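Counting in full-length UniProt numbering, the sequence shown runs from 1 upward without gaps.
In short, the hints are calculated from the structure, not lab data. Hints are not guaranteed to be accurate.
[Said to hold, decoys possible] Calculated cross-link-like contacts (lysine to aspartate or glutamate; reagent style EDC-like; alpha-carbon spacing at most 20 Å): (1) 229 with 245; (2) 130 with 226; (3) 127 with 261.
Predicted model, so just to flag it, every value in this text is computed and none were measured.
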Amino acid sequence: MRTKFSKKKRIQPESLKRYIAEVKGGIQYVDEGKGPPVLFIHGALSNADTWRKIIPLISKECRCIAIDLPIGGHYLPVADHVCLTPTGIAELIREFIEYLELDNVTIVSNDTGGAYVQVFASLFPGKINKLIFSNCEVLDIFPPSKFKYLTSAVKIPGFNFILSRVFMFKKILKSELIMGLLSFKITTDELYHLYLHNFIQDKRIRANFASAARAWSPVYTLAAAEKLKNFTNPVLILWGNKDVELFPLKMGEALKGVFPDAVLVEIDQARTYIQEDQPEQTAKSILRFIAQ
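Using the sequences and the hints given, assemble the complete structure.
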């Protein structure tokens, strides 16, 4: 008698537990741990799950709050009338912080989230204790050149739907034309299920992404940089030193020059998503900075 072997079922990556904040009709967020508050801000076509490797490490000592911004990877769409320009996103972050009644918050950001946090800090510096940036836009680069086409392409009827169909092909998600330049270690399953699934499935999510992407412009980061010259709180800049295409190290150095009190630390063997490529090193650097 032959023994039948069933094909092993692939286990999907698990999302972090979410809560809903009554902001802009409903914004989801992760909230784990107790202690000084740390707010995590992700980039485009991403969500709070990008922090899933470091929140367990940091939540032992801090309250870790990770928001799902409505910029393409989120689960709950926001209404079309919600302003998703960089200024609008900054206002959303302000409302979220006030909704949770957070004081002296440390903000950790990555990728597009870093640009939004620069705008936020320039408008609402009193809400912030410390800032921690990682590979992100700065000054006259917003978005990076490889993705600049998106600011125009999202305005073309049907483009976002076509992009969502492209994202369905898992095998190409790690190509340099899609998401491959962002991380060494992230898997195609993680990209598909944790980052891109909602964009693929929901046209309202795609519409939110288009509203955000069409507004990306260095006008915002340049204006923020001018105001941030007067931001005197401590700033830590963690930079993946193998990110040579999107956010090379010279951009981290440029961001350091924006602030009066900033320290730049290289994260070895990491691309844009340092939280994916080097979570332990990233978490240790964050905790050390918060404790200072």
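For each hint, the structure was consulted:
1. 229 with 245: With Cα atoms ~27 Å apart, residue 229 and residue 245 exceed 20 Å; violated.
2. 130 with 226: 19 Å, holds
3. 127 with 261: Between residue 127 and residue 261 the Cα gap is close to 17 Å, so the pair holds against 20 Å.
This entry does not satisfy hint 1, going by the numbered hints stated previously; all others are met.
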